[in-house]
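Visitor: Listed below are the residues making up each chain.
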Amino acid sequence: MSAAKLSVAELRAAYGQAQVLFDVSLEIAAGEAVALLGRNGAGKSTTFRAILGLIARRSGRIVFDGEDVSRLPAYEIARRGLGYVPEDRRIFSDLTVEENLQVGRQPPRSNAPTWTLERLFAIFPNLRELRGRAGARISGGEQQMLTIARTLMGNPSLLLLDEPSEGLAPRIVEQMIEAIREMKREGLSLFVSEQNLAFARLVAERVYVIEKGKIRFAGTMSEFDARPDVRDAYLAF
Amino acid sequence: MSFYFVQFVTGLASASSLFLVASGLSIIFGVTRVVNFAHGAFYMLGAYIGYTLIDRLGAGVGFWPAIGLSAFAVAAIGTLIEMLLLRRIYDAPELFQLLATFAVALVVEDLALLIWGPSDLLGPRAPGFKGAIDLLGQPFPTYDLLLIALAPLVLALIWLIFRRTTWGVLVRAATQDREMVAALGVNQKWLFTSVFALGVFLAGLGGALELPRQAANHTMDLQVITEALVVVVIGGLGSVPGTFLAAIIVSELNAFGILVFPKISIVLVFLVMAIVLIVRPWGLLGRAEAAARTASGAIISRWRPFGAPGRIAAALAVAFAALLPIAAGNYFVGVATEVLIFMLYAASLHFLLAGGGLASFGHAAYFGLGSYGAAIALKSFGLGMETAIVAGIVLGLVGALVFGWFCVRLSGVYFAMLTLAFAQIAWSIAYQWTDVTGGDNGIIGVWPSAWAASPARFYWLTLALSAGSIALLRAITFSPFGYALRALRDSTLRAETIGIERRRVQWMGFVIAGGFAALAGALYAFLKGSVFPDNISISLSIDGLVMVLLGGVGTVSGGVVGAAIYRSLSIWVISHTDYSRLVLGALIIVLVVMFPKGLVGAFEAWRSARTGARLQGQSP
Chain A
1 MSAAKLSVAE
11 LRAAYGQAQV
21 LFDVSLEIAA
31 GEAVALLGRN
41 GAGKSTTFRA
51 ILGLIARRSG
61 RIVFDGEDVS
71 RLPAYEIARR
81 GLGYVPEDRR
91 IFSDLTVEEN
101 LQVGRQPPRS
111 NAPTWTLERL
121 FAIFPNLREL
131 RGRAGARISG
141 GEQQMLTIAR
151 TLMGNPSLLL
161 LDEPSEGLAP
171 RIVEQMIEAI
181 REMKREGLSL
191 FVSEQNLAFA
201 RLVAERVYVI
211 EKGKIRFAGT
221 MSEFDARPDV
231 RDAYLAF
Chain B
1001 MSFYFVQFVT
1011 GLASASSLFL
1021 VASGLSIIFG
1031 VTRVVNFAHG
1041 AFYMLGAYIG
1051 YTLIDRLGAG
1061 VGFWPAIGLS
1071 AFAVAAIGTL
1081 IEMLLLRRIY
1091 DAPELFQLLA
1101 TFAVALVVED
1111 LALLIWGPSD
1121 LLGPRAPGFK
1131 GAIDLLGQPF
1141 PTYDLLLIAL
1151 APLVLALIWL
1161 IFRRTTWGVL
1171 VRAATQDREM
1181 VAALGVNQKW
1191 LFTSVFALGV
1201 FLAGLGGALE
1211 LPRQAANHTM
1221 DLQVITEALV
1231 VVVIGGLGSV
1241 PGTFLAAIIV
1251 SELNAFGILV
1261 FPKISIVLVF
1271 LVMAIVLIVR
1281 PWGLLGRAEA
1291 AARTASGAII
1301 SRWRPFGAPG
1311 RIAAALAVAF
1321 AALLPIAAGN
1331 YFVGVATEVL
1341 IFMLYAASLH
1351 FLLAGGGLAS
1361 FGHAAYFGLG
1371 SYGAAIALKS
1381 FGLGMETAIV
1391 AGIVLGLVGA
1401 LVFGWFCVRL
1411 SGVYFAMLTL
1421 AFAQIAWSIA
1431 YQWTDVTGGD
1441 NGIIGVWPSA
1451 WAASPARFYW
1461 LTLALSAGSI
1471 ALLRAITFSP
1481 FGYALRALRD
1491 STLRAETIGI
1501 ERRRVQWMGF
1511 VIAGGFAALA
1521 GALYAFLKGS
1531 VFPDNISISL
1541 SIDGLVMVLL
1551 GGVGTVSGGV
1561 VGAAIYRSLS
1571 IWVISHTDYS
1581 RLVLGALIIV
1591 LVVMFPKGLV
1601 GAFEAWRSAR
1611 TGARLQGQSP
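Same order as they appear, the protein sequences are chains A and B.
For the first sequence, position 233 (counting from the first letter as 1) is numbered 233 according to the numbering used here, and the numbering increases by one without interruption.
Here the numbering used here = 1-based position in the second sequence + 1000.
This is chain B alone, in the form it adopts within the complex (with noise of 0.2 Å):
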C-alpha cells in the first residue's frame, strides 16, 4: 500500500515540473495562437543556463537567486526571439509560426550542444532539500515535496495574475477577439511580446528547477514538448487549471501505467488523449475554439489547373528527371530517389493541409504503415514486391480509414493533436510488437525484386509512381470531390448549407491523403531495404510539414516544391557539417522571414505582380 502512495506522490513531483512548462505554453497558444514548438527548448535552455549559473555564482549568490535569474535569462532570449523572428510572422498563415518555432528548436539543440558539450551536466542538489523524509515506510525525496507545493503556488500566481491585474484583463481580452483588442488602442505587439515572455519564463523555470532531480541533457527538449503538448491539450488549449489537472492526470498515469502495463506505458498518455479528445473534443476544461477573427475573403491567389505551358514545364521536368541516372552516379540517384518519395510524401500531407485545411501533425503514421506493411508482406508472406507495395499501401488506407473517422470529427488545433496521437499509438506498436514488427531493430532486408534492383531502375519505377500520384492528386484537387474539400476549408458552413456532408469529404479527403502517404513509405521501404519505427516518428511529421510549409501552403504545389529543396537541402548539410540542424534551423528561418507565403507563394506574388494583377470584382 504504501509503495503505491509514494508512487502515486512521486506522480505528483512530475506533474509539478511538467505543469510549469505545459502551462507556458498554454499561455502561449491561448494569446498568440502560436503552437510554440520551441518550448523544449527554452525548458532544456533553463536547466544549461541553470547549470551554468549555479556553478559560477551558486557560491556568491545562493542556489534559489540562481534558479530565479536562469529562468529570467531564458525568458530574456525568448522575448529576443518574439521580437526578431516571430513578430515578422503573426500575420503568416496558420501553421507557419509552428515553422519558425521548430527551426528556433534546431538551432537551440546544436547551440547546447556547442556551448555545453555533448555530456550529461549533474547539477547540484537544492540546499535545505538534499535529504529524504520517511513517507509510510518509504523514503521520499524532500525536493519532490517542494516541487508538489510549488505547482498550485504558481497556479493561484497565474490565476491572479490574470484576474487581477489589467495586464492580465488584456490578454485575456485579446485571447478572445485581438482585432477588438486593437480597435480599442491596445498595442497588442508589446502584449503578444509579454505573454510569450511570460511562457517561455515558466519554461525555463521549468528547466532549472528539475536540475536537482535530473542531469540537463540533450534529450530534455524533445520528451518535455511531447509531454507538454499532450498535457495542454487533454486540459484544454488555453485554460491553465485545465493544464494543471491534465498534468497531474498524465504523471499519474505514468508513474502507475509503468507498474501496471508495462507494455504499453509509452503509449498510454497518447491513448488518453485521443480518449479524452474524442469524449470532450475541446478538453477538459478547455472553450470551443473560437473562429479566428481575420478578414475574410480570398487571401490566397486563386487555384487555376495547369494550362498547356504547365503540362508542358511538368512534362519537360518528369523527361528531364528520368535522365539523371545517364549522368549522375549511385549515390546522387539515390538520394535523388529519396527526395521523390519525399515529394510524394509531401504532396499527400499538402493535399490535406493545404487543400483541405487539415493540418495533420501525425502524417507519418501513414508513410510508416505503408513501409510496415509492404515489409511485412515480402518477409512474413513472402509476396513480391509490386504486391508488398500494394500491401502497403492497403495498411495505410485502413489506418487512414480507422483513425480518420475519428479525427475528422474535430477541428483546428484539436485535429492536429489527435491526427499526432494516432502516429504515437501507431509509433509505440511499432516499436513494442517485436514479434511482427522487430521492434527498435526494424525488418531488414525489404530489397526490390530484381527488375528493379539497380539504383537507377528503383529510381525511375519511383519517379514513374511519384509523378504519377502527384498528377493524380492534382487531378483531384481540381475535381469537383477537390471542389467540396476547399469549399469546406474556406467555409465549413456554407459548404454544409449547399449540401456538402463534411465529415464524410474530409474523411475521404484523409484516406486519400493517407494512401499516397502509404505509397511513399513502401517506397521508402525498399530504397532503404529496411524499416524502423523512425518511419512513423513525430520528426517525420513534422519534416513533413515543414516541408509544406517551406513550399507554401496557399498554393497548389508547395509540397511538391518544398519538399524537393528541404530534403535536398538537409541531406547536403548533414553530409556537409556536424551542426547540421544549426545550419538548417537558421536556414528555415531566414527563409521564414523573407518568405511568409512560403517559396512557392513568394514566386506567385512576384509574378504576378510582375504581370500587374488586375483586381477582380470590379465596379460594374
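So here's chain A without its partners, still in its complex pose (with noise of 0.2 Å):
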C-alpha cells in the first residue's frame, strides 16, 4: 500500500525499563477511519503516543505522509498534520475555551482540511457559549468537545482519537458521532481508538485489536464480526 498515510512497522516503545509495545505494526490509508480496539491497558492509549513520540521508542519505523518520522521530536510530527486527542482531555484549565484552541492553530495545510473557529463552532455549538470560559469550568461532555476541536485547529491530515466516547454521557456520545462523520466528510483521516464497540462500529471501516501490546486482529469490520473468538478473546464485551 504505497498510498498510506500512516504506516508503523515493528514499533517496540518501553516506559523505562518496562516493555509496553511488542513489534506492533498496522496501516492507515489516506481518507480511512481505522479502530484500534482493546481492553483497558492493551495499550491502545500507548501506542498513540508512541506513535507520536511521547514515550520512547526503542525500535520500529513509523512513515507519516511518505516520510520517516520515528525520530522526530513529538512537534515536529505534530507540525506535519498529525493531530493526537489525548483520553484524559488534557485541557489547559487555567486558559479559556478560546486560548485553548489558540495553543492548536496551525497554518493551513494543502493535503488536509482546514478549520476555523467558526467552523469547529458550527460542529461543537456549545463551544461557542463558552468562549470566554476558563477551560477548569465546563463539562467534561464540553471538554471533550474542546480537546478535539483544539487538535483539529492544527488542520491534521491523520487524527489519532484516543477514546473518545468514554465516560460521557449518551446524548454527547451521540453529537460526537456526528462531529466525527462531519469530520471524515471533510477527508479527514481518523484512527480511533475504543472500548465501546458499538461507537466504533459507527465511525470505522476497519479494526486492529490489541491485546498486552501486541496485534491479534487486523481487518475489515465485516471481517472482524465474522470472528467472535477474536472478540470473546480480546474484548471484554
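Don't take every hint at face value.
Here are the simulated distance ranges between beta carbons [as the list claims (entries may be wrong)]:
(1) A:Asp23 <-> B:Arg1494: 29 to 39 Å
(2) B:Arg1610 <-> A:Arg58: 10 to 20 Å
(3) A:Glu118 <-> B:Ile1115: 55 to 65 Å
(4) A:Asp94 <-> B:Ala1059: 40 to 50 Å
(5) A:Asp94 <-> B:Ala1149: 22 to 32 Å
Bear in mind the hints are in silico, worked out from the structure with no lab data behind them.
For every residue, glycine included, the Cβ atom is placed at its ideal position computed from N, Cα and C.
With the hints in hand, could you dock these two chains into one complex?
Guide: See the structure below:
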C-alpha cells in the first residue's frame, strides 16, 4: 500500500525498563477511518503516544505521508499534520476555551481540511457560548469537544482519537459521532481507539485489536464481525 | 509619623527593584521548572554592564538607553546559556538544572571579578532624578519615586504579554502541561528559550536600575537571589501578581523590622516565609503544584543492596583508607578527614533526597546544629568530646524533629523552601545569640580528647564513624522503612492507599537524615577546632545538593561518591588558583553536560550497557 497515510512497522516502546509495545505494525490509508480496539491497559493509548513520540520508542519505523518520522520530536510530527487527542483530554484549565483553541492553531495544509473557529463552533455549538470561560469550568462533555476542536485547529490530515466516547453521557456520544462523521466527510483520516464496540462500528471501516502490547487481529469491520472468537478473547463485551 | 511614612515609601522603592528580579525568577520557574540559581548573577551582571555602558556610551546615547541596552545584553548572555547549557539537561532529573545554574553563578562571579575588579563601582545618578523632594518634611529621593511607579507598570506589561499575545497564551499553556503543548505542534525549545530570555532580561534590568541607588558590587548576586527566592515562594511560584504582593510585604518587613526588632531583622523574612508556607502551602497567590506530567514508570536503574563483591569492595576501600595516615602527611590526612566528613554529610542528604524524594535546601541546619551542640556541650558544660558529639547529634535530632514536622506537610519546591527558611532561622540564631554561640566570632578551642588528638587518630575516628554511618544509612535504605520511604517517593498516592502513613514516614526519614548530618557537623567542629555560623550557611546547604546531584540522584551511592569528588576537587582548586569559583563552576558545567545522570548514574548506565541490559517485563 504505497498510498498509506501512516504506516507503523514493528514498533517497540517502553516505559523506563518495562517494554509495553511488542512489534506493533499497522497502516492507515488516506481518507480511511480505522479503529484500535482493546481492553483497558491493552496498549491503545501507548500506541498513540509512541506514534507521536511522547514515550520512548525502542525500535521500529513510523512513516507519515511518506516521511520517516521515527526519530522526530513530538512537535515536529504534529506540525506535519498528525493530530492527537488524548484520552484524558488535558484541557489547559487556566486558559479560556478560546485560548485553548489558540494553542492548537497551525497554518493550513494543502492535503487536509482547514478549520476555523467559526467552522468548529458550527460542529461543537456549545463551545461558542463558552468561548470566554476557563477550561476548568466547563463540563466533561464540553471538555471532550474542546480537546478535539483544539487538535483540529492544527488542521491535521490524520487524527489520532484516544477513546473519544469514554465517560460521556449518551446524548454527548451522539454529538460526538456526528462530529466524527463530519470530519470524515471533510476527508480527514481517522485512527480511533475504543473499548465501545458499538461506537467503533459507527465510525470505522477497519479494525485492529490489541492486547498486551501486541496486535492480535487486523481486518475490515465485517471480517471482525465474522470472528466472535477474537472478540471474546481480547475484548470484554 | 512622617518618619514612618517615609520609611514605608522607601520600602516600596525597594519592593520595586526586588519585584523586577523576582518576577523574572518566577516566570522562568513557572514554565521551565528550573530554579534559576544564576538569577542573582544576571542581576549583578546587569549592574556591572550598566556601569560600563553608561560610562562608555552614556554621553552618546544617554543614560536611559544605556540602561535598556544593559538589560538586553544580559538577556543575550542568558539566552546563550540557556541554548548551550540548559537545553541539554531539561530531561535530566529534577533539580539537576539547579546544579547547572549554580555553576553558572560561580563562573559569573569570578568573571565579574576578573573584568571589573574587586572594588565597588558607583554609577552616576539618573538624569532628571538626581534630587530629592520634600515628603511630609522628610527628604525623599525622586529616583525612588520613579522606581515605585515602574513596578506596577512592569506588572501590567507582563500581564498584558501573558494575556493578550499568542506567545503568552502558549507560555501559560506550557506552564500547565508541556507535553500536550508539544503534541499540538509547539516547539517548546523556542518557548523555553524566550521565557528564559524574558526572565533574565528582567533580572538585568533590575540590576542596571539599581545603579543610581547602590554601587555595583560582588555580593549583590547572593543578597538578591535569596530575597528573590523568598519573594517568589511567598507569592506563589509562577504567579507574577503574587510576586508583586510578596515583594511589597518582604520589603516593608525589612524597612520596619529593622526599627521594631533590630535583633531579628535578618531572619524576619524567613520567619514570614515559614509562616506563610505553613498556613498557605502554595504561597499567597500560588496554586497547588500540578503533578509533573512525565512518563511514568521506572526511569532509574533498580536499587540493589551490595552483593558479596560489593561488600568486599567496600570493605577493601575502608581498609585501604585506614592505611592512609601511614603513607601521607598531616596536611593530607586533615584533608582526607574533611572529605570523609562531607561524605557522611552528603550521604545523609542523599538518603533524604534520593531515597525519600525530599529535596532539602537547608540541610546545613542539622550539620550546624551538630557543630554547635558539640561545641556548646564541650565549652559551656565542660563535657568530654565523646559526650559532646552525642550532644551534637541530639541537638540535630531535636532540630530535625521540630523543623521536619512542619516541612513534611509540604512537597516539592515548597518543601525545599521551607527547609531553607528553617536553616536561615537556625543560622540567624547562631549569628545573633552572641551570649551562647559567640555570634560572628564563633566558638573556638573545640579540640578532641587527648586519645584522638593526633591528625591520624582523629582521621581513624572519623573513618570509623563515617563508614559505619554510611553503612547504616544504606541498611536503612534497604530496610522495610526504606522501602516505605521510596514507595512514597515514587507514588505517594499508591503508597498511601496500601497503608503507608506519608507524614510519619517522611518525618522519620527527615529526622534520620538530620541526625547523621549532625554527626558530620560535630566531627567537623572537632576537626577545625572551632564553630562558626558558616556551618549553617546557605552555601553549605547548596554544597550538599551539588555533591548529591553530581554523584547522581537516581543511584544508591551517588552522595558518597559525589562528595568525595567534589570536596577533594574544591579543596585542591582553592589551593591552586585565585579564581576557584571559575574553575569549579566550569568543571561542574562540563560534568553536568557530560553526565546528566550524575557520575555514578553514568557509570551504572555504562556498566549495564556493557553487560547487555535485559528488558524487564518481557511478553509472556
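Visitor: For each hint, tell me whether it holds in the structure or not.
Guide: Taking the hints in turn, this is what the structure says about them:
1. A:Asp23 <-> B:Arg1494: 29 to 39 Å: Taking Cβ atoms as reference, Asp23 of chain A and Arg1494 of chain B lie about 30 Å apart, which means the hint holds.
2. B:Arg1610 <-> A:Arg58: 10 to 20 Å: Check passed, 19 Å falls within 10 to 20 Å.
3. A:Glu118 <-> B:Ile1115: 55 to 65 Å: holds (57 Å)
4. A:Asp94 <-> B:Ala1059: 40 to 50 Å: holds (48 Å)
5. A:Asp94 <-> B:Ala1149: 22 to 32 Å: holds (29 Å)
Every hint from the earlier list agrees with this structure, and none is contradicted.
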